[in-house]
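Engineer: Spelled out from the first residue to the last, the chains are:
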Amino acid sequence: MTSTPRRLSRREELRLGTAGARRTARNTLIAYAFLLPFLIMLLAFHTWPVIFGTYLAFTEYNIINPPKWVGLENFRELFADEQFWSGLRNSLTYILVVPVIQVISILVALLVNRPLKGIGFFRTAYYVPVVTSFAVVGLIWTWMYQQDGAVNAVLSALGLYKGGSLLNNPSTALYAVMFVTLWKGIGYYMVLYLAGLQSISPELEEAAVIDGASRAQVFWNITLPGLRPTILVCSLMSTISAIKVFEEIYVMTQGGPAGSTYTALFYTFSRAFGDFRYGLAAAGGIVIAVISILFGILNFKLTKGGKADG
Amino acid sequence: MAEPATLPAPGGAAEASATPDMLAHARLAADLKARRARRARLGNLGAYALLIVIAMITLYPFYWTLITSLEETGNIYQAKLLPSSVSLKNYVEVFTGTTLPFWRLILNSVAICLLGVTLSVTLAALAAYPLSKMQFPGRNLIFYAILTLMVLPNESGLIVNYVTTTKLGLLKEINPVLDTLRQYFAIVMPGLASIVGLFLLRQAYLSVPQELIEAARIDGAGELTIWRRVLLPLAMPTIAAFAILEFVAYWNSFLWARIILPPGSQTLPLSAGLLELSGMFSTNSRAVMAGAVITIIPILVVFLLGQKYFMKGLEGAVKG
Numbered sequence: 001m002t003s004t005p006r007r008l009s010r011r012e013e014l015r016l017g018t019a020g021a022r023r024t025a026r027n028t029l030i031a032y033a034f035l036l037p038f039l040i041m042l043l044a045f046h047t048w049p050v051i052f053g054t055y056l057a058f059t060e061y062n063i064i065n066p067p068k069w070v071g072l073e074n075f076r077e078l079f080a081d082e083q084f085w086s087g088l089r090n091s092l093t094y095i096l097v098v099p100v101i102q103v104i105s106i107l108v109a110l111l112v113n114r115p116l117k118g119i120g121f122f123r124t125a126y127y128v129p130v131v132t133s134f135a136v137v138g139l140i141w142t143w144m145y146q147q148d149g150a151v152n153a154v155l156s157a158l159g160l161y162k163g164g165s166l167l168n169n170p171s172t173a174l175y176a177v178m179f180v181t182l183w184k185g186i187g188y189y190m191v192l193y194l195a196g197l198q199s200i201s202p203e204l205e206e207a208a209v210i211d212g213a214s215r216a217q218v219f220w221n222i223t224l225p226g227l228r229p230t231i232l233v234c235s236l237m238s239t240i241s242a243i244k245v246f247e248e249i250y251v252m253t254q255g256g257p258a259g260s261t262y263t264a265l266f267y268t269f270s271r272a273f274g275d276f277r278y279g280l281a282a283a284g285g286i287v288i289a290v291i292s293i294l295f296g297i298l299n300f301k302l303t304k305g306g307k308a309d310g
Numbered sequence: 001m002a003e004p005a006t007l008p009a010p011g012g013a014a015e016a017s018a019t020p021d022m023l024a025h026a027r028l029a030a031d032l033k034a035r036r037a038r039r040a041r042l043g044n045l046g047a048y049a050l051l052i053v054i055a056m057i058t059l060y061p062f063y064w065t066l067i068t069s070l071e072e073t074g075n076i077y078q079a080k081l082l083p084s085s086v087s088l089k090n091y092v093e094v095f096t097g098t099t100l101p102f103w104r105l106i107l108n109s110v111a112i113c114l115l116g117v118t119l120s121v122t123l124a125a126l127a128a129y130p131l132s133k134m135q136f137p138g139r140n141l142i143f144y145a146i147l148t149l150m151v152l153p154n155e156s157g158l159i160v161n162y163v164t165t166t167k168l169g170l171l172k173e174i175n176p177v178l179d180t181l182r183q184y185f186a187i188v189m190p191g192l193a194s195i196v197g198l199f200l201l202r203q204a205y206l207s208v209p210q211e212l213i214e215a216a217r218i219d220g221a222g223e224l225t226i227w228r229r230v231l232l233p234l235a236m237p238t239i240a241a242f243a244i245l246e247f248v249a250y251w252n253s254f255l256w257a258r259i260i261l262p263p264g265s266q267t268l269p270l271s272a273g274l275l276e277l278s279g280m281f282s283t284n285s286r287a288v289m290a291g292a293v294i295t296i297i298p299i300l301v302v303f304l305l306g307q308k309y310f311m312k313g314l315e316g317a318v319k320g
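Chains as they are written, first to last, in UniProt numbering: chain U, 1 to 310; chain G, 1 to 320.
Worth flagging that the hints you see were computed from the coordinates, not collected in a lab. For glycine and all other residues, C-beta sits at the position ideal for the given N, C-alpha and C. One or more hints might be untrue.
[Unchecked claim] Heads up, incomplete: computed chain G residues facing chain U, CB under 8 Å, no partners named:
1. T58
2. L107
3. M189
[What the hints assert, rightly or not] Once the Cα atoms are required to be at most 20 Å apart in a straight line, the calculated PhoX-like pairs of lysine-lysine come out as:
4. K117(U) - K308(G)
5. K167(G) - K68(U)
6. K80(G) - K162(U)
[To be verified] DEER-style ranges, computed between Cβ atoms:
7. I210(U) - L81(G): 45 to 55 Å
8. E173(G) - L36(U): 27 to 37 Å
9. D31(G) - Y175(U): 49 to 59 Å
10. P202(U) - L206(G): 21 to 31 Å
11. P202(U) - L234(G): 26 to 36 Å
12. Q198(U) - G169(G): 16 to 26 Å
13. P202(U) - W103(G): 45 to 55 Å
14. R215(U) - E72(G): 15 to 25 Å
15. R215(U) - L300(G): 54 to 64 Å
16. L100(G) - I297(U): 39 to 49 Å
17. T96(G) - I297(U): 52 to 62 Å
18. L206(G) - A258(U): 48 to 58 Å
19. A215(G) - T93(U): 42 to 52 Å
20. L234(G) - L298(U): 49 to 59 Å
Isolated chain U (complex conformation):
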């Protein structure tokens, strides 16, 4: 390959040129052939819903008849609907779960990051709720929350609560469902934080210890700043999924009792698949999306863009 290049004749140059061009064209074709199946599915089931859903928000649509343009009518109806507002309030209350889940997952990640014997078992044990279907998790916790069930037994033993099922009580139901989200989510965020912890250089922590830093000092000054990028990712993900919480509620309470667990996404779901008002539901979807984006930006600001150096 290193022989001295010979000057090519004009004819040779032309021939090679077209062959080269043909080859790149063929290459491009092959590349797109590899991409095509994925792109088709992506466009059909990820992009199209965003485009068509946005359009539907400005229409009256019930699948049977073609969409009828109604302008901002859906949004007007949405904002006049007390049910939507109460759903939105519940969705925003649900965000309370985010800081709790972050703090606990970080602590659990620190705990399972220790080189203890049998730590693999514990990591797995904490991850089991994550890999279980919401259908199963929701059912199990409905049983746990029964009046004579395990949760009430523990709470009454601690002298905290005496009464019926927390899921049947309008003032506790939302928090009871939030606890299930927490319970199911900790293992997931634990793994992410574990990855974050392992990306912090151990030399830094060791050097601080040698310099006489206490455990707490190491945690606040080295570990926590090092975790900042992970904290951004995790709180972003959990905030967005808290605003859009659905499956737990669908399985456990169906929005009840007395609408106390009725969230914004549950509202759009009932409008679409209960009342066949797809346009109104799509408008609700847009409002939820805008709120998620706003919270995403807020999150980004609060964690200073997740930069490790603050």
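Use these hints to put chain G onto chain U, whose structure you have.
Structural biologist: Coordinates of chain G only, in the frame set by chain U:
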């Protein structure tokens, strides 16, 4: 804790001729070490106590479901540590006692997982190749477009995908065998293009040396052959991780299936069927519990077998 190698060993030469002063130092050091070891032991004990408490909180609900599903009678929802009786009656019940045969739900879930995992892994594994190892116009544009798609809000996803699936005629009823196949497809389709999977696999391909691919090209191998014979084997750990992630996702999905399939449909997957069951079995919750146990077992088996890959796959997803 390892000493940095560049430090001189403390008291290397002095070891031979120890003065009383040095002995006192050595005693002090040993004392400190013992105290540190004691503290570490105590710390470990505390850590284990915490670890066990958390494990009980995460595992007890499953354990309770298991033991209660084995009981025939008794106070059903009561918290307990051991079953009052053991029988498989509820497990028999769940297979025989409904209009929706439980074995059919299992078969449906297995078919849906096979179809979903195979197709989504294939799609991502194919698409990741040109994006990581080929030069062609539009490559970066496509890559960043896909990146952007990931952050686009998709709240109307369920609604529009339902419309799309209906318009594609996948839910029409014409012929029982074809209907079943079409419905499996309908359940699987919205999740087939996994952006996370594409990224994971692109990442794995990027670490394959370009020389290997060039060598194969010089040997006259076509791109499809290179993909199949060079890239796929080398990306196997990532493919395994992604396949497990997809298996868990497909096995656990219920909402989409419940939306598109009519109630009592014969193609319901297990998770969705379980909810249907809990509606039907209002008199026998223990049978539903048995169903829940059966639904969890395959996930636990797959998860435990592939746990190593699974965690790696997740970590890779954050580290990017």
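Engineer: Does each hint hold? Answer for all of them.
Structural biologist: Tested hints:
no. : hint                          : verdict
1   : T58                           : holds (5 Å)
2   : L107                          : violated (17 Å)
3   : M189                          : holds (7 Å)
4   : K117(U) - K308(G)             : holds (17 Å)
5   : K167(G) - K68(U)              : holds (18 Å)
6   : K80(G) - K162(U)              : holds (19 Å)
7   : I210(U) - L81(G): 45 to 55 Å  : holds (47 Å)
8   : E173(G) - L36(U): 27 to 37 Å  : holds (31 Å)
9   : D31(G) - Y175(U): 49 to 59 Å  : holds (51 Å)
10  : P202(U) - L206(G): 21 to 31 Å : holds (27 Å)
11  : P202(U) - L234(G): 26 to 36 Å : holds (30 Å)
12  : Q198(U) - G169(G): 16 to 26 Å : violated (50 Å)
13  : P202(U) - W103(G): 45 to 55 Å : holds (52 Å)
14  : R215(U) - E72(G): 15 to 25 Å  : violated (52 Å)
15  : R215(U) - L300(G): 54 to 64 Å : violated (36 Å)
16  : L100(G) - I297(U): 39 to 49 Å : holds (46 Å)
17  : T96(G) - I297(U): 52 to 62 Å  : holds (55 Å)
18  : L206(G) - A258(U): 48 to 58 Å : holds (54 Å)
19  : A215(G) - T93(U): 42 to 52 Å  : violated (60 Å)
20  : L234(G) - L298(U): 49 to 59 Å : violated (42 Å)
Hint compliance for this structure: hints 2, 12, 14, 15, 19, 20 are broken, all remaining hints hold.
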